[in-house]
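Following the hints, complete the assembly by docking chain W onto the known chain D.
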Amino acid sequence: MSPSRGDRWLAGALGLAAALAGGAIVLILAFLVIEAWPALRQVGLSRFLGDSGWLPAAGPDGNFNLVPMLAGTVAVTAGAMLLAVPAGVISAIFCRYYAPLGVSHIYRRLIEVLAGIPSVVYGFWGLVVLVPWITRFRPPGQSLLAGALILALMVLPTVALLAESALRSLPRSYFEGAAALGLGRFTTVRSLALPAAAPGIGAGCVLATARALGETMAVLMVCGNVVQVPTSFFDPIRTLTANIALEMAYATQFHRSALFVSGLALMGLVGLLISAVERLSPKPAYE
Amino acid sequence: MSASPRETLDSPQKLQDACISTEGLSVSYAKSYALRDLHLEIPRGSITALVGPSGCGKSSFLKTLNRLTDLITGCRVTGSVRLDGEDIYQSGFDVLSLRRRVGMIFQKPNPFPLSIRRNLTLPLEEHGTQDSAALAAKTEAALRDVGLWDEVKDRLDSSAMILSGGQQQRLCIARALALGPEVVLLDEPCSALDPLSSAVVEDLIASLRESYTVIIVTHNLSQARRIADQTALFWLENGAGTLIETAPTEQFFSQPQHRLTKEYVSGARG
Numbered sequence: 016m017s018p019s020r021g022d023r024w025l026a027g028a029l030g031l032a033a034a035l036a037g038g039a040i041v042l043i044l045a046f047l048v049i050e051a052w053p054a055l056r057q058v059g060l061s062r063f064l065g066d067s068g069w070l071p072a073a074g075p076d077g078n079f080n081l082v083p084m085l086a087g088t089v090a091v092t093a094g095a096m097l098l099a100v101p102a103g104v105i106s107a108i109f110c111r112y113y114a115p116l117g118v119s120h121i122y123r124r125l126i127e128v129l130a131g132i133p134s135v136v137y138g139f140w141g142l143v144v145l146v147p148w149i150t151r152f153r154p155p156g157q158s159l160l161a162g163a164l165i166l167a168l169m170v171l172p173t174v175a176l177l178a179e180s181a182l183r184s185l186p187r188s189y190f191e192g193a194a195a196l197g198l199g200r201f202t203t204v205r206s207l208a209l210p211a212a213a214p215g216i217g218a219g220c221v222l223a224t225a226r227a228l229g230e231t232m233a234v235l236m237v238c239g240n241v242v243q244v245p246t247s248f249f250d251p252i253r254t255l256t257a258n259i260a261l262e263m264a265y266a267t268q269f270h271r272s273a274l275f276v277s278g279l280a281l282m283g284l285v286g287l288l289i290s291a292v293e294r295l296s297p298k299p300a301y302e
Numbered sequence: 149m150s151a152s153p154r155e156t157l158d159s160p161q162k163l164q165d166a167c168i169s170t171e172g173l174s175v176s177y178a179k180s181y182a183l184r185d186l187h188l189e190i191p192r193g194s195i196t197a198l199v200g201p202s203g204c205g206k207s208s209f210l211k212t213l214n215r216l217t218d219l220i221t222g223c224r225v226t227g228s229v230r231l232d233g234e235d236i237y238q239s240g241f242d243v244l245s246l247r248r249r250v251g252m253i254f255q256k257p258n259p260f261p262l263s264i265r266r267n268l269t270l271p272l273e274e275h276g277t278q279d280s281a282a283l284a285a286k287t288e289a290a291l292r293d294v295g296l297w298d299e300v301k302d303r304l305d306s307s308a309m310i311l312s313g314g315q316q317q318r319l320c321i322a323r324a325l326a327l328g329p330e331v332v333l334l335d336e337p338c339s340a341l342d343p344l345s346s347a348v349v350e351d352l353i354a355s356l357r358e359s360y361t362v363i364i365v366t367h368n369l370s371q372a373r374r375i376a377d378q379t380a381l382f383w384l385e386n387g388a389g390t391l392i393e394t395a396p397t398e399q400f401f402s403q404p405q406h407r408l409t410k411e412y413v414s415g416a417r418g
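Residue numbers (the numbering used here), protein chains in the order written: chain D, 16 to 302; chain W, 149 to 418.
Next comes chain D alone, as it looks inside the complex:
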């Protein structure tokens, strides 16, 4: 049976839409590589990892060490996820299995609102509330800790909402089966619901991590932006994203190209994350 004319049109339209979505990522990557190329060619990858500092405005003879920014980005993201994953998953469990119906409804709405707050507002709040609070313990306040806390708050809704939706999509029959075997609520959640929903919860965590890696404005406002590899939670740091945002406005020629290398490094981190997850996640059992 040959496909009807309508089917061919639909297939064509769908193919085009898919090509646009897939093509966008290829184009962006190509653009980054082209713009970064002059710096990469003249300075070389090794100096981006081994120079003594970051002084890109001096042209090819400057210093181009991106390691502090890479370290800052990884550290602030890891710190944020360390806080946001447990908090998000626990809040999803509370919402799904423990909260009364009305409370759970309101709670979900609040989390959704949290997801909708613009990052500059988070940054603003962090700057006027969180940073002074940290300063009381250990100045300067603008620090890795402040960045991790703000980022955690920002990605928490992603983790919580996706975990809740993964738990919600578990079939009712699992829970009937668990109840019929006399499993208590805690056992049901810990040993049945969480393992069964793990792939969905994991996917939420990956999305949240990618968002944390790429977040710019809020971390720029609270992290202090000093180029250094952090040795404590209270050290100011500069992330790859902040590096680009801070300098792009006045960067020209070679400096500009070096900033595109920052962007490429960030893309590399995200790619690394996704391929690591791909490799580590267990293959789903077929039914």
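FYI, nobody ran anything at the bench for these hints, they're computed from the structure. The C-beta atom is built at its ideal place from N, Cα and C for all residues, glycine as well. Please note that a few of the clues may not be correct.
Stated by the list, open to error - Computed Cβ-Cβ distance ranges for the label pairs, DEER-style:
(1) D:Leu97 with W:Glu273: 26 to 34 Å
(2) D:Val285 with W:Gly295: 50 to 58 Å
(3) D:Val285 with W:Lys179: 53 to 61 Å
Stated by the list, open to error - What the simulated footprint calls covered on chain W by chain D, stretch by stretch (three residues with Cβ under 8 Å from a Cβ of chain D suffice, anywhere in the stretch; the number is not a length):
(4) 255-264
(5) 361-375
(6) 389-403
Chain W alone, transformed into the frame defined by chain D:
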């Protein structure tokens, strides 16, 4: 409502025989009745089949016996259900241990999406078996009881989801039997299975007689006739499920007393 010990002593014959007895049992959802005023005694160590058209309260009845009705919002149960003479709806009754004593098998096999082994050890651990040797022994015994051991012994750590429908259903039965229940409730356990698996599961159910008190809901009259010691007909009357007739299976099919039973058994209705 509850019988005093005095009364128990007065009628030893009756209570010795009945494993489960219900009196004036009604189940309602919101404003409509699923089941009204049901009086039924289930003899110990026998198989009781519940038959009747869809939507006449058979499944609701099963769910009152292990209080799975508790999970349904807006569901109200009145009257009494006695297990070994004890009212399971009395306040403070331990529901989790009730469900260990009264196992349930569902229409659609519902193994947990965990390993075959974990499907058995999880409920065992929850009900107090912690020792790993004991867990392994009970796992093997339960799988042997349902004839699944030889089929799965080399892949106990594979997901239970890769088993066939019939194997999954037997795993679910093994999971319930591993807890050493007194009563096994089966809600159309063969209806989602192919004929061959269905025959295997049916033989398994027939073999449970004497070791367990079995209550099975089935739409398959020949199945009821083959395996049940007593058969009960449920029917929808005035918008609520009602018990029409209960009799030893042979008598139920050969000399039905009630007009509806006659018509249902002969295939004229239902």
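- Query: Which numbered hints does this structure break?
  - Reply: 5 and 6
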